[in-house]
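From first to last, the protein sequence lines are chains B, S, E and G. With my numbering applied, the first sequence corresponds to residues 30 to 449, in that order. With my numbering applied, the second sequence corresponds to residues 201 to 472, in that order. With my numbering applied, the third sequence corresponds to residues 2 to 549, in that order. With my numbering applied, the fourth sequence corresponds to residues 1350 to 1658, in that order.
FYI, nobody ran anything at the bench for these hints, they're computed from the structure. Computed from a prediction, not measured in an experiment: that's the story for all the values here. Treat each hint with caution, since some may be false.
[Said to hold, decoys possible] 30 angstroms max Cα-Cα, derived DSS-like pairs, lysine-lysine:
1) G:K1388 x G:K1468
2) G:K1435 x G:K1388
3) G:K1468 x G:K1563
4) G:K1642 x G:K1582
5) G:K1400 x G:K1388
6) S:K341 x G:K1435
7) E:K416 x G:K1435
8) E:K281 x G:K1642
9) E:K354 x G:K1435
10) E:K354 x S:K341
11) G:K1468 x E:K416
12) G:K1435 x G:K1582
13) E:K281 x G:K1435
14) S:K400 x G:K1468
15) B:K266 x S:K400
16) E:K411 x E:K521
17) E:K503 x B:K266
18) B:K266 x S:K463
19) S:K463 x E:K354
20) G:K1563 x G:K1582
21) E:K503 x E:K411
22) E:K411 x G:K1468
23) S:K463 x G:K1377
24) E:K475 x E:K521
25) S:K463 x G:K1468
26) E:K354 x G:K1642
27) E:K354 x S:K400
28) E:K354 x E:K416
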Amino acid sequence: MSEATRIEENVTCLGCGCACDDIAVVIAGARIREARNACTLGVRWFGDGSLPGAISGGRSAAIEDVLREIASLLRSARAPLVYLAPDLTCEAQGAAIAIADQLRAFVDGVTSSTSADGILAAQRRGRASATLGEIRNRADVVVFWAVDPAASYPRFQSRYAPNPVGVYLPQGRRDRTVIAVDVGAQRGPADADVRIQMTAEEEQLFLASLRASLAGRALGNQSIAARVTELATRLNKARYSVVVTDAESPPSVPSGRADSLIALTQSLNATTRCSLCSLRAGGNRNGADTVLTWHTGFPMAVDFSRGAPRYTPGNAAGARLAHGDCDAALIVGNTNAIPTVVREALGATRIVVIGPRASESTLSAQIRIDTGVAGIHESGMSLRLDDIPLPVRAVLPTPRDTASLLDALGSAIAAQGASA
Amino acid sequence: MSERITLTLRAALIRPLGAECISADRFADLSEQEIGALELWDGHASVALGDVFAIRGDHSSSVTIEGDLAHLDGVGTAMRGGEIAIAGSVGGGVGARMSGGAIRIAGNAGDDAGIAMAGGLLAIAGSAGDRAGAALPGASKGMTGGEIIVRGGVGRDAGSRMRRGTLFCASVGEGAGTAMIAGNIIVAGDLGDGAGLGNKRGSILALGNVRVPPTYAYACTYRPPHVSLMLLSLRARHELLVNDEHVHGLYQRYSGDLADIGKGEILEWRSM
Amino acid sequence: MTRLRITGGAVHDPANGIDGDVGDICIENGRIVASLPADAPTLRAGGMVIMAGGIDIHAHIAATSVSMGRRLLPEEHALHPVAAPALDDGSIPRSGTGGTVPSTFTTGYRYAGLGYTTVFDAAVAPVAARQTHAELDDTPIIDGGFFALLGNDEYLHRQIAAGELARAKDYAAWILRSTGGYAIKVVNPGGVELWKRNVREVKTLDDPVGSSSVTPRRILEVLAGAANDLGLPHPVHIHCNNLGVAGNVAMTLDSMRALQGRRAHFTHLQFHSYGGERGKSWSSAARQVAEYVNSHPEVTGDVGQVMFGDATTLTADGAVEYLLHTSTGRKWINSDIELETGCGIVPYSYREKAAVASLQWVVGLELFLLSSDPWRMVLSTDHPNGGSFMSYPDLIRLLMDRAYRDEKLKSVNQKMLAGSALADGIAREYTLNEIAIITRAGPARQLGLAAKGHLGVGADADITIYSRDADFAKMFSTPRYVLKAGTLVVEEGQLRRAPAGKRIFVKPGFDDTLLRDLGKYFEAYSSVRLANYPVTGLRDAPVPTRGA
Amino acid sequence: MDIRGVQIDDTFAEAFGMRGARIIITAKNQKWAREAANKMTGFATSVIACKCEAAIERELAPDQTPDGRPGISVLLFTMDSDSLPKRVIERVGQTVLTCPTTACFDGLPGAAERIAIGKPLRTFGDGFQGSKVIDGVRYWRLPVMEGEFLIQESFGKARGVGGGNFLILAESADAALDAAEAAVDAMAGMPGVILPFPGGIVRSGSKVGSMRYKTMIASTNDAFAPTLRAITKTSLPDGVNSVLEIVLDGLDFRSIAMAMQIGIDAACRPGVHSITAGNYGGKLGPFHFYLRKIMSGDVEDAPKEGAPA
């Protein structure tokens, strides 16, 4: 190796929602050579850090002209969509939301396609939760409900639970009971201490029976009752239990799961302490929900068309696009992470993409501007899956900073006058 | 001041138009010109009501709307009184958050009819879409009062999280009355799957067949006195086809949802 | 606009002993100056009332807990869409939603619209301070700061248990430095940690929190000492144990006595001034608390008034929110946060027909009306806990207008009011100067903000100008003009400009041998790297501390 | 004035204000509605010792009841506001709640003042009760061994009139009873009025207080007792050997006046000497039913001083 290498310590990885902030990124010659401490997902997240830096599709290559062109494209739309794809800093997300407000657009992101059930359930019921640091230091019973973090959240177990030593768990893993709940093919961790299995069809009844059992009522048949009693007893005896579930649910997961798990974990606090931990995927997804919430009061699917936020998760981006209700789209972030339903529904809509690898996007966008990836090329804030804000730092230069570019776009839109 | 105000659609609508401004109580204070200046929403563009509808009449809280209105959304939103008659079908969100007055629809209604309704009457001669009488997204309570009378069928999640009030329909899709807190859902036909899950104190009545959810348990077969009262009241006020054999009939009572407080019920008609 | 002379208004500037005198106020470059050239632009305020910009010493407007609260209330937000204001300063105006927990932009606009120009968020989990700064960045106009939660912090408790009081002080300093906080906040000292261990009641100040040497009393003593030793402009900001529980006055007075002779701020005292007995009876104990505060000049407080209507209870005191959830059946968020603190949220409605809500309303008013020194008992509703900050004008009217207050008193539930001072009749009516004290000058003095809360030379030109109105609620809800750092943000009652506010924080020094020990602790227990903990990049200058 | 030879005295019946409720009892059939009503109105002749006065007002056909079943309407009166709900609650609780197949409804839906009846009774459900709001009215459903008892949450409270009366002065006890029975039959089912005494008839008309016993609230009406004609200050005309009284309580003046008109007319038959009425010189009650006025067709309440608002 001829190039000088440098090491950036304590880098936050947004490969999944765990947001591990202990990555040592080894850089040589403007390329990432290694992401120490990172899991396989993290290694893939950092990659080699290379990015295209193109601006394409505009009538002119000058950024000011392109922004003016985008501004007039968006301003001419009757019902524009601003879409928050992953891999953005909170700052960039905020700037995109400001544009949506300015345009009286509809703003949405991946959340409404992947995690809406859990968010809506938590809006209806609230939730009993704990941050990962509490879980790490306090949870003596850890239930993995139909999720094995090893695949999608590889360091969850080693960093948060059940493996680490905690203030109240001096012997780490040995002080904890791990319960794997297998729902059909969705299995919990292989090395669990207790395994409770059910078919996908049984899940709702099982959850209902569990809640009924905690309320002192028996429900369901004998075979379920035995499994329910075992889990109920363990949860009741726990000092501080946590139920871990994957909030990035595939469409096959029944919408009642999130709701039932919230009700279950809340009600357990009558006698002991219990929290629900909802895992989120990478790219600062939780950040998008939270930033949108402080801007508008709603975490997803916000319609500014009437001049003030309206909440329409029942008519989210996918549905609107499918109905042909959007006549232009500004997509910000990594288009590869856009859910298929939305991607397909985008169809013939006029599209502008601003984000990392925009120029390589398979979407048929009219204008594309390459920017950087949050936490690799761009600095700012991100939110871990448990709402803990973490700094993300640029370890490599960005082609252009997304947040600044969006601010400039906002100014370009403003310069063309107030929206109709 | 006119007896009624009539709005007649000038040209067919080809895409959704937001019409939250059309509310009978509000029209009582407005001249024809003022009504014409109200804002409808085409995307983020506002369109004058008078450009979309021909307006006859003023200062009345009785309103008739004529034309194919299947794309007209939000009619009667937050309406507090007065009366709207819709000659054909209407779009989504009709009567959303209404607290008084009556909206009568000769055709079908879209999704979210009477969502978060608090009072008044929403009568639909045809069918209604999903979430009739249900809750605003993320809200803990669905309709808190009033009546939704649908002579045809309704879609999914009808009356979900209902707190008070009555929803009557000929048939329902999945998930009727999920997480009901109280109130009544009366289905003249069969009850769809997943009905009443999470029900606390609500009553779901089916004159047709019921697939009893696993979290409900059979209690007894009896003549529930409140059912006679409810059905007679509905029959008298809405000229619904409810037979004496239903009014005074024997019903099987199932208690649930037992995963919750278990004080709700599904009543399934059996015989006279 | 760099220069402006405001002429002809009646100036209420109690910090400088001015009580309604008509005089000019001169502004240059965002500050108040002694004089201006004769050709300086003039704002005529003849017949109007001039005060410094309002200061909210205790509200919840920008924190992870607040955004969790926002997220919990979609149905409330759906009923309160707020269109963007028509600004003419070139900044892009933002729409939002209102209700009890408004969106950030709307929060900034609304505070400014009420003539408030400085607001402190009262409870920020240190680990999440970064988000508070981000939210404050999106809360226009007002200068903002926050208090960092420390009363239930594992590392702090360890230092107390080990008798390492110097390190405890250094840790407090480090937390404030790292977070960009302004003061130390204690919520239910020890009680939140106990809640996490499923111990749900703190019976006395000497209940052990794990170690027998860590008790609510010790936590209060150590943090009050730390704040005073560090010379922080604002003393320790205390939310006592047993908030909202009948009979909690004993704990409140014990807490005050525990810190006798030391500077300390006791917050939302209304929620801590109940007689009676847990689970049995309720009564007002405002007299006792007011008497104690009246006779102890080292104590300051804010009221935490309850106003009838919708509220959202939102606090680091997770234990109390569980009780509220079970007693009301309303939705509930709990979040236990990183060995540092907790968070609980339950939407709530205070109803005139409800006995407890009526008692709470009365207790708050009694605290106002029985406190002899308005400088030390200032206005708050613990927004959004006791009610929205939007209810301040109505609260001011209740204090200034006895006839209005007595009429209102008749309409509330009387069940628990027997023997209360207000029910017996209190004649006191606040004067305009006293209102200026409890909404500006007093909070500024309590917070140690030298350039705020008054209109003397050198003060920040945060100024509110009211048209007189016999209806004080109307007068205070729609100021005619509001200036923020010399910029006219409200003109003729309309919000016209929305400049960014400043951040108000401290940067106390500490002995950096702390970092070695803290590093080990982080390595062993934290889910966040020590290096990633501190917030960086604050633009504004810190408020100086007097500490060594 | 005389009707078919029976003299109508030029006097008035004096009545006082009461508080009343109308209780509709429905059941599977008329038999069980009547069983409950009979029990409910048992021992309810006079407020003097029964604390209330109650009787069946009339039968209701299925199309006249809220739940489409046969019913009975009962009126119940007390002297004061506070005791009305107490009497209704104890009687409904013991006689309707307990009776097979019944349900219980308010018969005064228009009354502005309401009393809580189903609401306190709901606690019999021991937490298993449930409520329903139908057409804006709340009902309570109490689980019972037979099935379910349904009762309306609140009942209307009327300002009624008690103590309307007339006396039938006859030549013989048989003639008095025949006339009284005829009067009762004629008044049966008249809306808004009840006759709370056995068979609608009182033989022991009373006067206020006692000449001899200080503690007695009322004692025998010696002026009309034929056996005392010789030794007391009698009011009996010659030839009268027996007197029976009809006492009426009603929801308003007019209902009582109309019932008296029909009842008195029916009582005017052979063997009856005259019809008179009891009063206390206008000192006791504000409602004055002038017999001749009523019998000449004027049944409207004349405005009086001191009448309750």
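Hint check results:
1. For the hint linking G:K1388 to G:K1468, the alpha-carbon distance of about 22 angstroms falls within 30 angstroms, and the restraint holds.
2. Between G:K1435 and G:K1388, the direct Cα distance comes to roughly 17 angstroms. Compliance with the 30 angstroms bound is thereby established for this hinted pair.
3. For the proposed pair G:K1468 and G:K1563, the alpha carbon gap of about 41 angstroms is over 30 angstroms, so the pair is violated.
4. The hinted pair formed by G:K1642 and G:K1582 meets the criterion: a straight-line CA distance of about 28 angstroms does not exceed 30 angstroms.
5. The suggested pairing of G:K1400 with G:K1388 holds, with an alpha-carbon distance near 15 angstroms, which does not exceed 30 angstroms.
6. For the hint linking S:K341 to G:K1435, the alpha-carbon distance of about 37 angstroms lies beyond 30 angstroms, and the restraint is violated.
7. Of the supplied pair hints, the one linking E:K416 and G:K1435 holds, its CA atoms being roughly 23 angstroms apart against a limit of 30 angstroms.
8. Taking the CA atoms of E:K281 and G:K1642, the gap is near 63 angstroms; set against the 30 angstroms cutoff, the hint is violated.
9. Of the pairs offered as hints, the one joining E:K354 and G:K1435 holds, with about 25 angstroms between alpha carbons and a cut-off of 30 angstroms not exceeded.
10. For the given pair, E:K354 sits about 22 angstroms from S:K341 by alpha-carbon distance, which is consistent with the 30 angstroms threshold.
11. For a cut-off of 30 angstroms, the pair hint linking G:K1468 to E:K416 stands: about 21 angstroms separates their Cα positions.
12. Between G:K1435 and G:K1582 the alpha-carbon distance is near 41 angstroms, which puts this suggested pair outside the 30 angstroms criterion.
13. Taken as a hint, the E:K281 and G:K1435 pair is honoured in the structure, with Cα atoms around 28 angstroms apart against an allowance of 30 angstroms.
14. Simply put, S:K400 and G:K1468 have alpha-carbon atoms about 20 angstroms apart, close enough for the 30 angstroms limit, and the pair holds.
15. Pair hint B:K266 plus S:K400 holds up; C-alpha atoms about 27 angstroms apart against a cutoff of 30 angstroms.
16. With a C-alpha separation of about 61 angstroms, the suggested pairing of E:K411 with E:K521 is violated against the 30 angstroms cut-off.
17. Pair hint E:K503 plus B:K266 does not hold up; C-alpha atoms about 50 angstroms apart against a cutoff of 30 angstroms.
18. As the CA atoms of B:K266 and S:K463 are separated by approximately 28 angstroms, the hinted pair is consistent with the 30 angstroms bound.
19. Straight-line distance between C-alpha atoms of S:K463 and E:K354 comes to about 28 angstroms, which keeps the hinted pair within the 30 angstroms bound.
20. Only pairs whose Cα atoms come within 30 angstroms are accepted, and G:K1563 paired with G:K1582 is accepted, the gap being roughly 20 angstroms.
21. Distance hint between E:K503 and E:K411 is unfulfilled; the C-alpha atoms sit about 44 angstroms from each other, more than 30 angstroms.
22. Restraint check: the Cα-Cα separation between E:K411 and G:K1468 comes to about 27 angstroms, which is no more than 30 angstroms; the hinted pair holds.
23. Taken as a hint, the S:K463 and G:K1377 pair is honoured in the structure, with Cα atoms around 26 angstroms apart against an allowance of 30 angstroms.
24. Simply put, E:K475 and E:K521 have alpha-carbon atoms about 57 angstroms apart, too far for the 30 angstroms limit, and the pair is violated.
25. Taken as a hint, the S:K463 and G:K1468 pair is honoured in the structure, with Cα atoms around 18 angstroms apart against an allowance of 30 angstroms.
26. Between E:K354 and G:K1642, the direct Cα distance comes to roughly 51 angstroms. Violation of the 30 angstroms bound is thereby established for this hinted pair.
27. Of the pairs offered as hints, the one joining E:K354 and S:K400 holds, with about 26 angstroms between alpha carbons and a cut-off of 30 angstroms not exceeded.
28. For the proposed pair E:K354 and E:K416, the alpha carbon gap of about 10 angstroms is at most 30 angstroms, so the pair holds.
Of the numbered hints stated above, those contradicted by the structure are hints 3, 6, 8, 12, 16, 17, 21, 24 and 26, listed in ascending order.
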